[in-house]
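Number of protein chains: 2
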Amino acid sequence: MDGSGEAKAKAPQDRLAEWLAEDMAAVNALIRERMASEHAPRIPQVTAHLIEAGGKRLRPMLTLAAARMLGYQGTDHRKLAATVEFIHTATLLHDDVVDESKRRRGRPTANLLWDNKSSVLVGDYLFSRSFQLMVETGNLRVLDILANASATIAEGEVLQLTAAQDLRTDEAIYLQVIRGKTAALFSAATEVGGVIAGAPEAEVRALFDYGDALGIAFQMVDDILDYGGQDAVIGKNTGDDFRERKLTLPVIKAVAKATAEERAFWHRVIEQGDQREGDLEMAMTILSRHGAIAAAREDAIAWAGRARAALDNLPAHQLRALLSDLADFVIERVL
Amino acid sequence: MDGSGEAKAKAPQDRLAEWLAEDMAAVNALIRERMASEHAPRIPQVTAHLIEAGGKRLRPMLTLAAARMLGYQGTDHRKLAATVEFIHTATLLHDDVVDESKRRRGRPTANLLWDNKSSVLVGDYLFSRSFQLMVETGNLRVLDILANASATIAEGEVLQLTAAQDLRTDEAIYLQVIRGKTAALFSAATEVGGVIAGAPEAEVRALFDYGDALGIAFQMVDDILDYGGQDAVIGKNTGDDFRERKLTLPVIKAVAKATAEERAFWHRVIEQGDQREGDLEMAMTILSRHGAIAAAREDAIAWAGRARAALDNLPAHQLRALLSDLADFVIERVL
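Going line by line, the protein sequences match chains B and Y. Under the numbering used here, residues 1 to 335 are what the first sequence spells out, in order. Under the numbering used here, residues 1 to 335 are what the second sequence spells out, in order.
Simulated from the structure, these hints should not be mistaken for lab results. Treat the hints with caution; some may be incorrect.
To be verified - Here are some, though not all, of the chain B residues that point toward chain Y, as calculated from beta-carbon distances under 8 Å:
#1 Ser37
#2 Arg42
#3 Val97
#4 Lys117
#5 Leu121
#6 Tyr125
#7 Leu143
#8 Asp144
#9 Glu157
#10 Leu159
#11 Thr162
#12 Leu175
All figures in this text were calculated on a predicted structure; none of them were measured in a lab. For each residue, glycine too, the CB sits at the ideal point set by N, CA and C.
Isolated chain B, as found in the complex:
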């Protein structure tokens, strides 16, 4: 969309990071300062393991970009950006306990390095710290948005727990789950950026819509890649959702078109959890037979398009062009 071929050489999030370098440096300093604990050194150890682990800081950049794009001149957007990153990190810590994960970002998870207890409690600590940070802005509307987002995230996680292993999970439930587990924090991140900048309602709404659609596209792509993406080749991260018996978009689409025999297969591997050698390959064959990956990819592309379209309601700005590129970039891995 936007950006010349030359500028395209760098990923949009790297260009965003450059544009926001001063803000991001301040956010990183704030994160380091606030993840400290005078009394419990275990806290910064666990947190640093995750926060320093080369995460892309995508969510805080969304807040910074939204605020700057709308002309914000203060520094409270940095507190909100750190808030958003803390909420994200807290949910990662709790997710790894819930999913019994052993690796994240190519490193052992905190629950493996320390224990589940530390992951649960340090996650709670980061939630509380995020809460302190946002209260410091003194902006009640921002607090309202982030409180609602937190509840939506937790509700989405519980919904995913009960929707997993259940073949009745349809695309509407799936959308609710990923809105909760992923899009709610994206949309809150962009929305609070607009609110703190004092943007008019229509622009705040556009920022919410952009974050919502971007988050949905982002999670759909993740779920597609879990089945090897378009190439449907088994890579190192292929099949995690399958093993955890999660009903994600490709499987939901395939289940909707399943023959009796295929239904029996899904029933056995997802609902009964009886997975055998070769079952993942079989699942991928069935997905491919019904064009389930291709259809899921079309959905992701459509959501990225909605994200870009939402930006039309915002004033022209270099950051707006970068956010538009970001929407394209998010789906690039499945194109």
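Take the given structure of chain B and dock chain Y to it, following the hints.
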């Protein structure tokens, strides 16, 4: 202290519940309303298991009593009372995961009935709901107090994790741990009651001091009873802390006076976790030998006295007398 012999027939918390009956009914309705989830029925199931399980609602009553005692006529104190109960319930859910508990209030814990995942995520949901409730009051000072309390609670829990199994844990660290895990929510509960009532600073401070001292006394009594209390008889709940290798006040006092032989015993059972038949009885014998239970009891009594003394800075009121009785009642089980 206060109250005639006749009124004493009923426990102070029952008399508080009577005095605050209308408020408490509204708080209970609010709790039921806000623990619901349209999309994830697992949430109210897990929550109801805990919230309906005959908890004494002590913490929300503290908020209601503080606000009413200072003449508050609005209804926001009910939101804050529900907030406090949600935070308490969320920490119970996470504690049971961390402690791998199997029973709470005489019933199987949620992590046993459902799973650890549900306990972690429903706890997160209740934290978020508590956050939404307090934001609705629109009172930034209240938000600040509760955000700080949340951070202190989480920090105290992590500190307990690292202080457990370590004989170097002294009374100062113990005080920090129980201030975090218990007293921080008591003091926040009373303090926000005063703030929402618009009480003068000295009274808000007195309410904080009362809640802080009450919470400390409350937890000390709990820790004493875990070793059978004054009678040092093994009851059905005796020895949980011992088995979990927690350094609580009686043990800390005994370790401080330990002979070389006793030190070796504590090292084996607490630090190495090598516990054998008869070790709990041996621990209780050592505690008794050094008067550790009696000394811990003296401390609890002193903290209850501090709680009562803090009330002197508040205007005379029937509720003030009830809160004073409550401080006596909290230590009654070890008198």
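Structure-based check of all given hints:
For Ser37 (chain B), the interface hint holds, the least distance from its beta-carbon to any beta-carbon of chain Y being 6 Å, beneath 8 Å. Evaluation of the Arg42 (chain B) hint against chain Y yields a held restraint, the C-beta minimum of about 5 Å falling below 8 Å. Checking Val97 (chain B) against chain Y: minimum C-beta separation of about 6 Å stays under 8 Å; hint holds. Interface restraint check for Lys117 (chain B): the shortest CB-CB distance to chain Y comes to about 4 Å, inside 8 Å, so the restraint holds.
For Leu121 (chain B), the interface hint holds, since its Cβ comes within 8 Å of a Cβ in chain Y; the closest pair sits about 5 Å apart. Given hint, Tyr125 (chain B) at the interface with chain Y, holds; its Cβ is 4 Å from that chain's nearest Cβ, closer than 8 Å. Hint status for Leu143 (chain B): holds, given a least beta-carbon distance of 5 Å to chain Y, under 8 Å. For Asp144 (chain B), the suggested interface contact is upheld, since its CB lies about 5 Å from the closest CB of chain Y, less than 8 Å.
With 8 Å as the threshold, the beta carbon of Glu157 (chain B) comes within range of chain Y, its nearest partner Cβ sitting at about 5 Å, so the hint holds. Satisfaction of the interface hint for Leu159 (chain B) is found here, the shortest Cβ-Cβ separation to chain Y being roughly 4 Å, below the 8 Å cut-off. For Thr162 (chain B), the shortest C-beta to C-beta distance to chain Y is roughly 5 Å, which falls under 8 Å, so the interface hint holds. The restraint placing Leu175 (chain B) at the interface with chain Y is violated, with a minimum CB-CB distance near 11 Å, outside the 8 Å limit.
The structure does not agree with numbered hint 12 stated previously, though it agrees with all others.
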